[in-house]
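Student: Dock chain B with the ligands against chain A, hints included.
Chains A and B, in that order, give the protein sequences. Start counting the first sequence at 1; every next residue gets the next number (the working numbering). Start counting the second sequence at 714; every next residue gets the next number (the working numbering).
Hints were generated in silico from the structure; no laboratory data involved. Where a beta carbon is used, it is the ideal one built from N, C-alpha and C, also for glycine. Only true hints are included.
Derived, one-sided and incomplete: chain B residues facing chain A with beta-carbon distance under 10 Å:
no.: 1; residue: Arg-731
no.: 2; residue: Gly-742
no.: 3; residue: Thr-744
no.: 4; residue: Cys-755
no.: 5; residue: Cys-809
no.: 6; residue: Val-843
no.: 7; residue: Cys-844
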Amino acid sequence: MLEVERYELFAGPAYHFDLERRDFFKLLGGGLVLFLAFDHPAAAQESGRGGRGQGLPQTISAWLHISELGIVTVFTGKTEVGQNIRTSLAQAVAEELRAPIASITLVMADTGLTPYDMGTFGSRTTPTMAPQLRKMAAAARETLIDLAAEKWKVDRASITVADGRLKYSDQSVSFGELTHGQQLMKTVDEAPVTPANKWTVAGTSVPKTTARDMVTGTHRFTSDLVRPNMLLGRVLRPSAFNAKLASLDAKEAEPIKNVKIVHDGDFVGAVAPDELTLAKAIDALKAEWTADPQHSSQPSSKDLFAYLKSHPEESRQRTTPEQGSVEQGLKSSDFIREATYTVSYIAHTPLEPRAAVAEWTEGKLTVWTGTQVPFGVRSELAEAFSIPESNVRVIVPDTGSGYGGKHSGEVAIEAARLAKSAGQPVKVIWTREEEFTWAYFRPAGVIEVRGGTLKDGRIAAWEFHNYNSGGSGIETPYDVQNKKVEFQASASPLRQGSYRGLAATANHFARESHMDELAAAMGMDPLEFRLKNLKNERLRAVLQAAAAKFEWDKTKSIPTRGFGLACGVEKGGYVATCAEVSISQPDGKVKIERVVTAFECGAIVNPEHLKNQVEGGVIMGIGGAMFEAIEFDDGRILNPHLAKYRVPRFSDIPVLETVLLNRKDLPSAGAGETPIVGLAPAVGNAIFHATGIRIRSLPMVPQGLPNQPQPTA
Amino acid sequence: MELVVNQKHYRLEVHADRMLLWVLRDDLGLTGSKYGCGEGHCGACTVLIDGAPTRSCVTLANSVAGKPITTIEGLAQNGHLHPLQEAFIQADAMQCGYCTPGMIVSGAGLLKKNPHPTQAEIKEAMEGNVCRCGTYPRIVAAVQMAARTAGGQHA
Ligand code: FES
Ligand code: FES
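Isolated chain A, as found in the complex (with noise of 0.2 Å):
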């Protein structure tokens, strides 16, 4: 298995819990609480760690409390930056308690009431915590229903429970009335949770929950929250990357009004009441940076690929054993096709920049911030000040999105040194070019195939080598006996890490756009090339829906319109994507104008949400595949502006159709990452049927078509 999806290193802590059995009761007050216990041990590894708290359970995944007054809060570490995971983990369980969703309340990523969790990432929410939810909810009825037998002293069968009440024969009861005056604490494993094809609640399009907070502007992100007696605070950056700080003079910033400049080692900063006197003192701070000998012929973003090559990092090669035998496998083709393609530096661009808030009280520190690793921030801050965990606590308000890009925790740590010494709580708000310079990227990467095919269009051999942009997705699902697949990172010139879709993305752009050439060189029509060599039913399913509502067998492409298509398997779901783009003559503007995507991710559990998340999917894949670039050289970002890095804006948005297979059958599947892989391939597949030019790089056309056709092999 090649898996190298995550490039950040998650080094658990030792988890305690902080929360002793009555402390429950203390902070929530009375009423029933619920433990979920992992049922597997790949659930407890997501999702917990062992516990060493007295007297509960060892691994504990979510909790629920339903109160005296009936109020339903479902504490979760998962955190809610945009795909939607507030309102469709409140779905679950009102739909297994059987109550409003209205009445139920989510506390989600604060490291001082919710239980451990690795983190939002890789797809994983819907997948593992819903169902976890669920049972715990589920169980959460069933301990009702015991509760009203009791009181009404009849059989728990003849109880039914809807809308928040139970009822029996003419009587009925709320859950208030239930749990008043009750201190009832359980810890559940299994329960039994309702069938997909039986939901009501999930499965159903529940308009967001905090919808209206964030259409009046009342939702507060990190970087809206005030604290009595904030600053505002902001760090001096490195003259270059791995710079490091050789003399400072603070002798003008100094005796500004209000300001206080920290100091410590080579970080430098400042706090002031306003944006602008802090401005001002960072301005006149005066400081030198060397450049770090260890990295003194940084790479330019113009040489990279050949640097991506030849800078391998042994430790991380993963190969999967060859197939057959590729050698053999070519041989015996009639077809043999080999090209090399590339993939640049992208930046998540969250339109939220990282921000901290951080206060400290005796020596305990809180941070909120906008991260998608609670616990991994409240271990980094820990580490960073040499206190313990336990005096630690990490909020995550609903944060402005992150795709990947918001796993670390460098803004909580400058937010709590700078009101470290500040002694007062600051507030660090990443610049926008700060954003686009000392966050990560994803990754960039070179990808070398050589693909063979006998005259009857089956693939003979297949050999896909990966340098640096992860191996996710990288085995193909077509069917070959001779393959060999290799992934290789390298020492990457910038810091990179994770990202929606991250090395699916290259990978399917290079093995669906391989694909199309495979099926041009053999005059064959792409669809059936596939289809032909594809057994996976779920794969054969969603290209098939896309190719019929795209209507395939009707496109013709000509040198000012093109057809292309391409499909993938990804974390579970299954994608193909059909697209049409015009090109303008004679600038050679290109326009992606319709994008069908077929999408099947199991059991569906909100259409609208589900169909808005491909489609913000899709949209996004359109900036990678068409225009988005991090420019870099000797260790600057050349390009850190929203004006110069181009993102997709209204004008570049296509028509957009979404097919749906709901299989209710399977078990659910995330859906915020998958859509996105088959975009770029089906774009350039389109440009390539429309002008004969094979595009082999991301982003496609940065300043439209090339001008002269490329050889095709």
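Tutor: Chain B with the ligands only, in chain A's frame:
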């Protein structure tokens, strides 16, 4: 200096170089207007000044003293959401919601000027607003929906 925000009058001492966005957010506590770039390229900070969508991150507070300013907090009237706010909820026109206030204010400004915009007019008017989550098609749908429900009378 006096700022007139959402029909309320505020007397403030504001440094001449300060941008309206930060005065709204930090001095008046109106954090609905967001920082996305500080350079006029994302639209997250959009407010209406004299009814016209304006990037508050590149507008000096001083320069709009006395003029009527409307922020996202001022769109709902007497507890009734602006039709565009309703439409955003109906059309599920958000994911993380960070671009949402700027989008709604830009859209409200457009509807004021052009109560029945075509799709192309909506896209053109809102080209300066970025939604990184990619909810653009839904935002266009929401603006059209609001235009229909308000019957062109709103704002
Ligand atoms: S913050 Fe004003 S346009 Fe981006
Ligand atoms: S909803 Fe996230 S930026 Fe628009």
